[in-house]
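Colleague: Make one complex out of these two single chains by using the hints.
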Amino acid sequence: MPTYKLCYFNARGYGEMCRLLFAEAGVEYEDIRYTREEWPEQKPKMLFGQMPVLFVDGEQIAHSRAAFRYLAREFKLDGGNSLNAAKCDMWQEVEFEAISKLPFSEEDEAKKAELMTSILKEQVHPKITKYEEAIKENGGIYLFGDKISSVDILMYGAVEFLDKFLPNEKILEQHPTLKTLVEEVQKRPGISKWLKERPVTEM
Amino acid sequence: MPTYKLVYFDGRGRAELPRMLFAEAGVKYEDFRVKENWASEKPKTPFGKLPVLTVDGGEPLAESGAIVRYLAREFDLDGGSSIHAAQADMIHTAVIDLSNDFPYFEEDKAKLAERVKTLEEKKANLVFEKIEERLKASGSQFLVARKLTYADIAVASFVDAFKDFDDSFIKKFPCLDALQQRIASRPNIKKWFDNRPKTMF
Numbered sequence: 001m002p003t004y005k006l007c008y009f010n011a012r013g014y015g016e017m018c019r020l021l022f023a024e025a026g027v028e029y030e031d032i033r034y035t036r037e038e039w040p041e042q043k044p045k046m047l048f049g050q051m052p053v054l055f056v057d058g059e060q061i062a063h064s065r066a067a068f069r070y071l072a073r074e075f076k077l078d079g080g081n082s083l084n085a086a087k088c089d090m091w092q093e094v095e096f097e098a099i100s101k102l103p104f105s106e107e108d109e110a111k112k113a114e115l116m117t118s119i120l121k122e123q124v125h126p127k128i129t130k131y132e133e134a135i136k137e138n139g140g141i142y143l144f145g146d147k148i149s150s151v152d153i154l155m156y157g158a159v160e161f162l163d164k165f166l167p168n169e170k171i172l173e174q175h176p177t178l179k180t181l182v183e184e185v186q187k188r189p190g191i192s193k194w195l196k197e198r199p200v201t202e203m
Numbered sequence: 001m002p003t004y005k006l007v008y009f010d011g012r013g014r015a016e017l018p019r020m021l022f023a024e025a026g027v028k029y030e031d032f033r034v035k036e037n038w039a040s041e042k043p044k045t046p047f048g049k050l051p052v053l054t055v056d057g058g059e060p061l062a063e064s065g066a067i068v069r070y071l072a073r074e075f076d077l078d079g080g081s082s083i084h085a086a087q088a089d090m091i092h093t094a095v096i097d098l099s100n101d102f103p104y105f106e107e108d109k110a111k112l113a114e115r116v117k118t119l120e121e122k123k124a125n126l127v128f129e130k131i132e133e134r135l136k137a138s139g140s141q142f143l144v145a146r147k148l149t150y151a152d153i154a155v156a157s158f159v160d161a162f163k164d165f166d167d168s169f170i171k172k173f174p175c176l177d178a179l180q181q182r183i184a185s186r187p188n189i190k191k192w193f194d195n196r197p198k199t200m201f
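Top line first, the protein sequences correspond to chains P and C.
Once you know that position 124 of the first sequence is 124 in the working numbering, the rest is easy, because the numbers rise by one and skip nothing.
Once you know that position 172 of the second sequence is 172 in the working numbering, the rest is easy, because the numbers rise by one and skip nothing.
No incorrect hints appear here.
Selected chain P positions facing chain C (in silico; Cβ < 8 angstroms):
| # | residue |
| --- | --- |
| 1 | L47 |
| 2 | G49 |
| 3 | V56 |
| 4 | I61 |
| 5 | A62 |
| 6 | R65 |
| 7 | A66 |
| 8 | R69 |
| 9 | Y70 |
| 10 | R73 |
| 11 | E74 |
| 12 | S82 |
| 13 | L83 |
| 14 | M90 |
| 15 | V94 |
Here are some, though not all, of the chain C residues that point toward chain P, as calculated from beta-carbon distances under 7 angstroms:
| # | residue |
| --- | --- |
| 16 | A62 |
| 17 | E63 |
| 18 | A66 |
| 19 | R69 |
| 20 | Y70 |
| 21 | R73 |
| 22 | S82 |
| 23 | T93 |
| 24 | A94 |
Calculated pairs, DSS-like style, for lysine-lysine (alpha carbon to alpha carbon, straight line, at most 25 angstroms):
| # | chain 1 | residue 1 | chain 2 | residue 2 |
| --- | --- | --- | --- | --- |
| 25 | C | K44 | P | K127 |
| 26 | P | K136 | C | K44 |
| 27 | P | K164 | P | K193 |
| 28 | C | K42 | P | K101 |
| 29 | C | K109 | C | K198 |
| 30 | P | K121 | C | K42 |
| 31 | P | K130 | C | K49 |
| 32 | C | K136 | P | K45 |
| 33 | P | K43 | C | K122 |
| 34 | P | K121 | C | K49 |
| 35 | P | K45 | C | K130 |
| 36 | C | K123 | P | K45 |
| 37 | C | K44 | P | K101 |
| 38 | C | K130 | P | K43 |
| 39 | P | K130 | C | K44 |
| 40 | C | K123 | C | K111 |
FYI, nobody ran anything at the bench for these hints, they're computed from the structure.
All C-beta atoms in this analysis are idealised placements derived from N, C-alpha and C, irrespective of residue type, glycine included.
Looking at chain C on its own, in the form it has when it is part of the complex (with noise of 0.2 angstroms):
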């Protein structure tokens, strides 16, 4: 097995996604995080952002897409074949596409709330439609494959954090919610959540 090491801010955010990839693969790694020493650790990084992924202490691999995508394939959460994999891929895409347009730093309510709403409108409800959609017609607890993959962990870890901005939202997407929760007690994932930092974001 080889030695891995992430670094991220001391926080979930883009980290998160692959910080339960090891939890769910149950792979050892040291879970870095930067807090008064960035100034020193950007000019480590390839392109001056976090994360980046280490591997038996070789280049730096940056982007949190590559980091999740290359750590589903190596820990067989990828769906075991290439067109497997890339339907998680594209599932996975279009719930990042959604968590880049989160408003996160909107500090006025009144403008997070319609900024939500019109994020829901404009894309979320169409992706989580069609996902939910196809949760159903897999017959199978799962996104893809009929076995976990990065997609499902993906889906679940996005749900997770939208309860901050809109906590109905999830309620209009029964088996979505159904699988966030699912994962969510996967033992590996369990003790993930009970145990990693408690931070701001």
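For reference, chain P alone in the conformation it holds in the complex (with noise of 0.2 angstroms):
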């Protein structure tokens, strides 16, 4: 198994869906948490100059979606052949893409509600649907059936996010098969034992 360490800032973020891949996984790996204090010593040090970045025996993997979809690789959570990990990409493809359309930086109050409305009835929701269908089609509570992959997990990730910061959505309430899904993945024995012992913050 090799040495593995995660740094990010001291927020669930962009560095959240690592981690929930490594409590799923029972996998030990240095959760570095950087202050704002910190972080221009350590920007230089960073690939890209941004985190997270994932480290490999101290190998650098920059990016959170390449270091997401590494450990999906390595955990065997990407579905269990070639065609399924690039299923669960796309995905996860589409989950980043809808999420960061929504215009949490936007300082015009009603542009921001006008434009939120928009972009959660016209990419969120559909896509939420969507992927809801296609657990359906498989039968089972996750995407492929009965085997979780690293894509539910994101998607748990999405709507804690969701939740939090646009709670007036009641996402799951919308979303039935998906809140079977968030039930599911949060009683996972990793899962839920790093939801009760993750430092608690704000992002």
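Modeller: Written out as structure tokens, the structure reads:
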């Protein structure tokens, strides 16, 4: 087993998806959290000047999604074959795109509210519905039926994020299949342990 | 060998890297280009967007990144080990993130030049510096695993596209400029470049 170190801020943010994979797999790693004050000194050490960065035996894997895909592969959470791994990959890109379109940094409050509503309606909800359809097609709880994969865990993370920052949206009330998925993910031994023990942070 | 069909618009855009992988690997595929019939093709796609890849007529796979990584894996163009695949992934992802910020549709020439300059100063210079350093340090002609991977082809494809916006940019990175030329001269890639449809984008 390689030595793993994940470097990020003291936040869930873009680091949490990797942390959840470590938790599910029950694999140890160093969970480094830099403060804002420490960041300027650390920044030049990170390959592209950003975090999260995953270190594997000292080798840097920058970009949270590249690190996530690597861990999914290592921990056999990528669907069991090449085409399923590509499906995980596709859903991950879809999730990332939908969430990153949400205009959290829009300063004009009226514009923000309007954009938020339209992105949720046109991007987020339809994509969640499609994910639910894919789950139902495979007859189980997870995307690949009874076998959990990285993208189910990612979707859990997305719901956690949306519930925190858009609580009025009540995502799970609108998506019962997703609700079942989220409940199952939360019950997984490694993940439920992590959810209890992880540092509590605003973001 | 499976039957592959790649569906995209009649342009290079987000399908060009998958096409270059097919070319390099010498693998046949249907290069389907949607021209007037987008309205009837769109509902066949999972998310209303292109490119999509179908394998043996199965469920279409969307998202160009997922398609690229899948094909690279199938064609042994991802470095051959898990960690090498991750290194190729991070380089490709870094380059794609830059190209997503390209002001493709900016028509005002002055604004275009300014936006390109901002992109370079804020992101592209650093990313390319690091990739250039990596290539120098590799002691090889290639970015990952001392052999050709999709990371080399992705960087070459990006460099080729960036020339349309600022042809002096790549001169700051002589190793990557040389890499782009080496990739473009590979027999299968050259054959593809010479024979591919000439399109606006």
